[in-house]
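Enquirer: Next come the chains, spelled out residue by residue.
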Amino acid sequence: MHVEEKLTAETFPEQPEKATLEGKNKFIGFWVFLGGETVLFATLFATFLALRDSTAGGASTQELFDIKLVFVATMLLLTSSLTSVYAIYHMKNFQFGKMQFWFGVTVLLGLAFLILEIYEFNHYMHEFEFKLTSSALGSAFYTLVGTHGAHVAFGLLWITTLMIRNAKRGLNLYNAPKYYVASLYWHFIDVVWVFIFTVVYLMGMVG
Amino acid sequence: MKKLKWRLLLLLSVMTLVLSGCGEPFISTLIPAGEVADEQFSLMMLSTAIMVIVVAVVTIIFIYVLMKFRRKGSDKIPVQVEGSHKLEIIWTVIPILLLIVLAVPVVASTFNLADTDPMKKALADDKNGGKDPLVVNVRASLYWWEFEYPGYGVITSQDLVLPTDEKVYFNLKASDVKHSFWIPPVGGKIDTNTDNENQFWLKIDSKRAKEAENIFYGKCAELCGPSHALMDFKVKAVSRDEFNSWINKMKNFKAETVAQTASAKQGEQVFKDKGCIGCHAVSPADNRPEQARTAPNLANFADRERVAGILEHNEENIKNWLKDPEKYKPGNTMTGTYGKLTEEELQALTDYLQSLSVEK
Amino acid sequence: MSTLARKKGFWPTVWDYLTTVDHKKIAILYLIAGGLFFVIGGIEALLMRIQLAIPENDFVSAGTFNELMTMHGTTMIFLAATPLLFAYMNAVVPLQIGARDVAFPFLNSLGFWLFFFGGVFLNLSWFLGGAPDAGWTAYASVALNSPGHGVDFYILGLQISGLGTLISGINFLVTIINMRAPGMTYMRMPLFTWTTFVASGLILFAFPPLTVGIALLMFDRLFGGNFFNPALGGNTIIYEHIFWIFGHPEVYILVLPAFGIFSEIIPTFARKRLFGYTSMVFATVLIGFLGFMVWAHHMFTTGLGPIANAIFAVATMTIGVPTGIKVFNWLFTMWGGSIRFTTPMLYAVGFIPSFVMGGVTGVMLAAAPADYQYHDTYFVVAHFHYVIVGGVVFAILAAAHYWWPKMFGKMLNETLGKITFVLFFIGFHLTFFIQHFLGLMGMPRRVFTFLSGQGFDTGNLISTIGAVLMGIAVVVLLINVVVTSVKGEKVGADPWEDGRSLEWAVASPPPEYNFKQTPLVRGLDPLWIEKMEGKKGLTPAEPLSDIHMPNSSILPFIISIGLFIAAFGLMYHNDYSWGVPVAIIGFIITFGTMFLRSIIDDHGYHIHKEDLLKDDNGGVQA
Amino acid sequence: MVSENSRNPKVDLAFRRKKNAEEMKHQVVSFALMIFLTIVAFITVGYDGIDEWLKVPFIVLLACIQVIFQLYYFMHMNHKGHEGPQFFIWSGIFVTFLTVLAFMTIVWW
Ligand code: HEA
Ligand code: HEA
Ligand code: CUA
Ligand SMILES: [Cu+2]
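Protein chains in written order, with UniProt numbering: chain F, 1 to 207; chain E, 1 to 360; chain V, 1 to 622; chain A, 1 to 109.
Keep in mind that the hints are not guaranteed to be accurate.
[To be verified] Computed list of lysine to aspartate or glutamate pairs in EDC-like fashion (alpha-carbon distance at most 16 Å, straight line):
1. E/Lys-340 / E/Asp-273
2. E/Lys-327 / V/Asp-58
3. E/Lys-254 / E/Glu-359
4. E/Lys-76 / V/Asp-602
5. A/Lys-80 / F/Glu-14
6. E/Lys-327 / V/Glu-56
7. A/Lys-18 / F/Glu-63
8. E/Lys-203 / E/Asp-132
9. E/Lys-236 / E/Glu-211
10. E/Lys-167 / E/Glu-39
11. F/Lys-68 / F/Glu-117
12. F/Lys-178 / V/Asp-601
13. E/Lys-272 / E/Glu-256
14. E/Lys-236 / E/Asp-132
15. A/Lys-18 / F/Glu-14
16. F/Lys-168 / V/Asp-601
17. E/Lys-210 / E/Asp-165
18. E/Lys-76 / V/Glu-497
19. V/Lys-609 / V/Glu-512
20. A/Lys-19 / F/Glu-10
21. F/Lys-18 / A/Glu-83
22. F/Lys-178 / V/Asp-602
23. A/Lys-19 / F/Glu-117
24. E/Lys-167 / E/Asp-205
25. F/Lys-131 / F/Glu-63
[What the hints assert, rightly or not] Computed Cβ-Cβ distance ranges for the label pairs, DEER-style:
26. A/Gly-46 / E/Val-101: 52 to 60 Å
27. V/Trp-126 / E/Thr-59: 38 to 46 Å
28. F/Phe-154 / A/Asn-78: 22 to 30 Å
29. E/Ile-100 / V/Glu-497: 40 to 48 Å
30. F/Ile-164 / V/Val-14: 54 to 62 Å
31. F/Lys-68 / A/Phe-58: 16 to 24 Å
32. V/Ile-600 / F/Ile-118: 27 to 35 Å
33. A/Val-60 / E/Ala-124: 35 to 43 Å
34. E/Gly-336 / V/Val-39: 35 to 43 Å
35. V/Asp-611 / F/Phe-154: 40 to 48 Å
36. E/Leu-87 / F/Phe-154: 52 to 60 Å
37. V/Gly-9 / F/Leu-111: 46 to 54 Å
38. F/Leu-111 / E/Ile-100: 53 to 61 Å
39. E/Ile-90 / A/Leu-54: 24 to 32 Å
In case anyone wonders, no lab produced these hints; they're calculated from the structure.
Beta carbons are placed, not taken as given, at the ideal position from N, Cα and C, and that holds for glycine.
All chains, full assembly: derive it from the sequences and hints.
Expert: Take a look at the structure:
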C-alpha cells in the first residue's frame with residue numbers, strides 16, 4: 001500500500017501501523033529500541049537498589065514517601081495507559097476524531113502525573129532537605145525517578161506534536177505508524193512506573 | 001607416539017619459557033616464594049600446558065592445510081562440503097573436557113585463597129587482637145602505603161615487615177582512590193577499595209625468600225594517578241624471632257630520644273616548625289584516627305630500603321626528595337606544603353631523619 | 001569519490017556528504033573518520049611505546065602518559081575499531097541481503113554524525129586543558145579525583161558518540177529483520193550479516209549501561225551527585241560493574257563482525273562453502289549470549305568473594321567452546337579447498353593462529369586465582385592486543401582490501417598490500433608476544449615508566465621496535481590508498497572472481513539504488529549458485545518498476561552539532577556563567593531540529609523506470 | 001491483511017469492527033485487573049500484619065504480573081507478528097535480571 005493514498009474506513013488496513021514498509025520498520029525498530037530502554041532502566045534500578053539504604057544520615061525512604069501521593073500518581077498513569085489503548089482502538093477503526101480525543105485525555109492525565117511528580121520533588125527538597133547532592137540515595141532516587149519523569153515529559157511533547165501536526169490531515173498510512181509507536185512508548189513508560197512504584201516507593205516504605 | 005609428540009612439545013615450550021628468562025626473584029611471578037604464589041603458579045602452568053596443546057593442534061592443522069591446499073593454477077572447483085557432525089562433536093567435546101580439567105582446580109583454589117576465617121577469629125578475641133595469626137591492616141593512599149599491626153599497636157609505612165613460614169592475614173583498604181596491593185613473588189594482588197575492606201592471606205617461604213635476599217618488591221597495580229607507576233613498597237621477609245624482636249623495638253621506640261647530634265636536634269625542631277609533624281608521625285604508636293594520618297609514619301625511616309618507595313636510601317636522595325618531591329613523584333600530596341627549605345635546614349632534617357631507626 | 005569531485009566540484013561534494021543518507025556514502029564517511037581516529041590512536045600508541053622503550057625515560061611526563069594511554073584505549077575502541085566495522089557493515093550488509101537501503105537512512109546519517117562529533121569533542125580535550133587520564137575504564141575513584149576537565153571530555157564525548165553507536169545498532173537490526181530480499185531466509189544470510197546482526201543486538205543491550213554509567217559519573221563530577229562518594233553512602237564498585245556489563249559485550253561487538261569478515265574471505269579464496277554454516281551461526285549467537293554473563297572476570301581482584309569469582313571464572317571459560325567451533329570450521333573450510341593467497345586471505349590466514357593465541361590467554365585469565373597474578377599487568381595488555389589487533393584490526397585491514405573495489409571501484413595494489421601485511425604481522429607479534437613475559441615478570445600495566453634493574457628493559461625495547469614496524473606498515477597502506485585512487489584501474493562487479501554473496505552481483509561501486517530489481521535468493525551463497533549454474537546474474541524477484549528513494553537531509557548534522565554545543569555548556573557550567581545558556585542553546589538546536597524533522601513530511605522521491613532502463617550498469621542483470 | 005484483494009469491504013469492515021470491539025473489552029478487563037493488583041500491592045504495604053520478608057517478594061510478583069498484562073495486552077505482544085518484539089523485550093529482561101541480581105548480591109558494602 002502506498003503512503004499517500006487517501007483512505008476510507010473500508011480501505012483502511014487492519015494493521016495500519018504495519019501496512020507500509022516504513023511502518024513495519026518503525027514498528028520493529030521501536031520495539032528494538034524499547035529492548036534497549038529496558039536495559040537502561042535496569043541499570044538505574046539496580047543502582048538504586050544497591051544504594052537504597054545509603055542515606056548518609058539524611059532522610060530515609062520510610063520518612064520521605066507518602067503512600068497517598070504515590071497512589072494517586074499511579075492511578076493517573078495507569079489510567080492514561082488505558083486511554084491510549086482507546087486511542088489506538090479508534091485508530092484501527094479509522095475514527096480519527098475519537099482517536100485524537102483519547103490521546104488528548106492521555107496527555108492530560110500524563111500532565112497531571114508530571115505536575116504531581118514535580119510537586120513531590122519540590123516537597124522532598126524543601127521539607128526534608130533531600131536533594132541529588134545530599135546522599136547517594138538522593139542521587140539514585142532523583143536519577144531513576146527523574147529519568148522516568150523525563151520520559152513522561154518527552155512522551156507528552158511527542159503525542160501533542162503528533163496531534164497538532166495531523167489535526168487537519170486526518171489519519172493516513174504515513175502517520176498511523178507514528179501514532180502507534182507513540183502509544184507503545186506511552187505504555188512502556190507505564191511499565192517502568194509499575195516497577196518504580198513497587199521497587200522505589202512500596203519497597204521503600206516497607207524498609 | 002602421538003602422546004610422546006605432545007609431551008615433547010610441552011617440554012619444549014616450558015623450556016622456552018625458562019630460557020627467555022623468568023625475571024628477577026624479588027618481583028617475578030614466575031619465581032614464586034610462598035604458598036599462595038605457588039598455588040597460583042601451578043594453575044598458571046596447568047593452564048599454559050592446556051593452551052599449548054590447543055595452540056599446537058590448531059597450528060598443526062593450520063600448517064597442513066596451508067601446505068596441502070594452495071591453489072595450483074588449475075581452475076578446479078573443490079567439493080562444496082556442508083559440514084560434518086562427527087567432526088563438530090569432536091571439537092565441541094574435547095575443549096569442554098579440557099576446560100573441566102582447568103575449572104576444577106580453579107574453583108578449589110578460589111575458595112582456598114579466600115579463606116580468612118582465622119583472622120576473623122583472631123580479631124574477635126580481645127586478648128589476641130591480631131597477634132596469632134598475625135594480622136596486618138594495609139591502607140593505601142596516593143602514593144604511599146601504611147601498615148598497621150593491630151595486635152601490637154604498631155604503625156609503619158612503605159616497608160612491610162613480615163615473618164616467614166606462617167600465614168599472615170591482611171585487611172586492606174584505600175583512603176583516597178582505589179589502589180591494588182601486589183607482591184608478585186609472594187601472591188596475587190587484591191584491590192584496596194575506598195568503600196570497604198578486603199581480606200586475604202599470604203605466606204612467605206623462608207628458603208626461597210633467601211634467594212631474593214629477603215626483600216620483595218611490592219607494587220600498586222591499579223591506575224591511581226600520575227605517580228601510579230612509582231607507588232612501590234618493599235617487603236622484608238624475616239624469621240619469626242627477628243620479627244618478634246623488631247616488633248618489640250617498634251613498640252618501645254621513643255621518638256624523643258633518637259636525636260643525638262646537634263644537627264639532628266636542630267632537624268627535630270625544623271620538623272616541628274615546618275609542620276612536617278602535622279602529617280608525619282615519628283612514633284609507631286600513632287593514636288590519631290586514620291584520616292589524620294595523611295603521610296607515611298617516619299618512626300623507622302632510617303631503616304627503610306628506599307626513600308619514598310623508589311629512591312635509593314641515602315643522604316643525597318633524602319635531600320633531593322625534600323627539596324622537590326614533585327620531581328620524583330609527580331602529583332604527590334607532600335609537594336608545596338612546607339615552603340622552601342634552606343641548605344642548613346635540609347642538612348638538619350636529613351640528619352634527624354637518618355636518626356629515626358629502631359635497628360641502630 | 002574523485003570522479004564525483006570532478007563531476008561536482010569541491011563544495012557541492014562536501015554538501016553531498018554532509019547531507020547524504022545513502023548507506024554507501026555513509027560507509028565512506030565511517031571509513032574516513034574511523035581511519036583518521038585509528039591513525040590518531042596509533043600515534044598515541046607509538047608515543048607511549050617510545051616513552052617505554054627504555055627505563056626511567058622522560059620523553060613524556062607522567063601526566064601526559066596517562067592521557068596518551070587513556071586516549072589511545074578510548075580512541076581505538078570507540079572511535080576507530082567500531083566505526084571502521086560500521087563502515088563495512090554499511091557498505092556491505094544491505095547489498096548482502098539484497099536491500100536497496102538500510103531501514104532508516106536518516107537515522108543512519110544521524111548515527112554517523114553523532115559518533116563523529118562525539119569523537120571530535122573527545123579529541124578537542126588535547127587543546128582545551130588536557131585529555132582524560134583515568135584509563136579507558138574511567139573507574140570512579142580515579143575519575144572523580146582527576147583535576148581539570150579531561151574526564152569531562154571523556155564523559156560527554158562518549159555519551160554523544162555512544163548514542164550514535166546505539167542508533168546505528170538499532171538501524172542494522174531492523175534492516176536485517178525487515179529488508180531482506182525474497183528468499184533470503186535467516187539461515188541463508190551470509191555470516192558477515194549474521195555477525196552484524198548479533199553484534200548490533202549486543203550494542204542494543206550493552207550501550208545503555210554505558211550511557212547510565214557515564215551519566216552517573218557526570219552527575220558526580222559536574223552536578224554534585226554522590227553515587228561514588230563513600231563519604232555520603234556512595235559506592236564505586238557499582239561503577240565497575242556497570243562499566244564491565246557494557247565493557248565485556250563491547251569486546252564481542254568488536255570481534256564478532258571481525259569473525260564475520262573472515263567467514264566471508266576464507267570461503268571466497270578457498271573456493272569452498274563455509275564449513276558448518278549452521279554451527280557457525282549457532283556459535284555466533286551463543287557467544288553473544290554468553291557475553292552478558294561473564295563481565296565480572298574483569299573484577300576478580302575487586303574482592304567480590306569466592307562464590308562470585310568461581311561462577312564468573314567458569315562462565316568465562318565456556319566462551320572458549322563456541323569460539324573453538326568457529327576456529328575449526330575456518331580450518332576445515334580451507335581443508336580440501338583451493339586456496340589463493342590474496343592480501344585479504346593473508347590477513348585471514350594470519351588471523352587464525354594470532355587470534356587463537358589471544359583467545360587461549362583469555363582462558364588463562366579466566367582462571368580466577370591465576371588472574372590475581374595477571375590482572376593489571378602487561379599479560380593482560382598482551383592478551384587483549386592479541387585478540388583485538390590479531391582479530392579485529394586484521395579483519396579491518398583484510399576487509400579494506402577485500403571490499404575496497406566494491407566501495408570505490410578500484411582494486412588496492414596487491415604488492416603494496418602484501419608488504420603492509422608482512423610488516424604489520426611481524427611488528428604485531430614482536431610488540432605483543434614479549435609483553436606476556438613482561439607481565440609475568442611483574443610489570444604492571446598503565447605505568448608511565450619503570451625503574452631499571454627489575455628485568456623489564458630488553459622486553460620493552462623489543463616491544464617498541466615492533467610497534468614502529470606496525471607504524472611503517474600503516475604508512476605503506478596509506479601510500480597504497482593514495483596510489484590506488486590516483487591510478488588504480490576500474491574493476492567490474494566481481495573483481496575477485498570467486499565472489500559468493502550478493503554484493504558481488506552489483507556494479508562496483510553500486511548504483512545509488514543498489515539493485516535495479518530486487519534479486520530472488522535461492523540458497524546460501526546466492527551468486528555462487530547462479531554462477532555454478534552458468535548464469536551471469538541473479539534472477540529478479542520483481543518486474544522493473546519505479547524505485548523509492550529517501551531524501552538527503554542536513555538535519556542529522558545539525559542535531560549532532562546541537563549536542564556538541566550543549567556538551568561544552570554542561571562541561572563549563574561550574575566555571576563560567578555562559579555554561580548554562582550555551583547548554584540550553586545546544587539542546588534547543590537539537591530538539592528543535594528533531595521537532596522539525598517530525599513535523600515536515602518526508603516522502604522521499606522516485607527514480608523512474610525509464611531512467612533505470614537508461615542506466616544499464618546497475619543492478620541485477622536479468 | 002490476508003484477504004486484501006478478495007474481500008467484500010462492507011462485511012469485512014463490520015467484522016473487523018466487531019473484533020476490535022471485542023478486543024477492547026479484553027483490554028478493559030485487563031485494565032481492571034491491573035488496577036486491582038495495584039490496590040492489593042498498596043494495601044499490602046500499608047497493612048502492618050504481614051511479615052516484611054513476605055511483603056517484598058509479593059509486591060514484586062504483583063508488579064511482574066501487571067507488566068505482563070501491559071506488554072501482552074496493551075502493547076499487543078500477544079498478537080501475531082510480534083516475534084521480534086518478544087525476542088528483544090525478553091532479551092532485555094534477561095539482561096535486566098542479571099544486572100539486578102548482581103547488584104543485589106555482589107555489591108553489598
Ligand atoms: C576483541 C576483544 C576481546 C576478545 C575477543 C576477548 C576474548 C576473551 N577474553 Fe578478553 N579482554 C579484552 C578483549 C577481548 N577479550 C580486553 C580489551 C581486555 C582488557 C580490558 C581492560 O582491562 O582494559 C580483556 C580482558 C580479559 C580478562 C580480564 C583480565 C584482567 O583484567 O585481569 C579476562 C579474564 O577472564 C578475559 C578473558 C577472555 C576470554 C576467556 C576470551 C574468550 O572469548 C576467548 C575465546 C577464544 C579461544 C579460547 C581461542 C579459540 C578456541 C579454541 C581453539 C578451542 C579450544 C580452546 C580451549 C579448550 C581453551 N579478557
Ligand atoms: C582497538 C583497540 C586497540 C588497538 C588497535 C591498539 C593498538 C595498539 N596498542 Fe593498544 N590499547 C587498547 C586498545 C587498542 N590498542 C586499549 C583498550 C588499551 C588499554 C588502555 C587503558 O589501559 O586504559 C591499550 C593499551 C595499550 C598499551 C598499554 C598502555 C599501558 O598500560 O600503560 C600499549 C603499550 O604498548 C599499547 C600499544 C599498542 C600498539 C603499539 C598498537 C598498534 O597496533 C598500533 C598500530 C598503529 C599505528 C602504529 C598507527 C600508525 C600511523 C602512523 C604511523 C601515522 C603516520 C601517518 C600519517 C600521520 C599520515 N596499547
Ligand atoms: Cu596506587 Cu596505583
Ligand atoms: Cu571481558
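Enquirer: Hints the structure violates: just list their numbers, smallest first.
Expert: Failing hints, ascending: 4, 7, 14, 23, 30 and 39.
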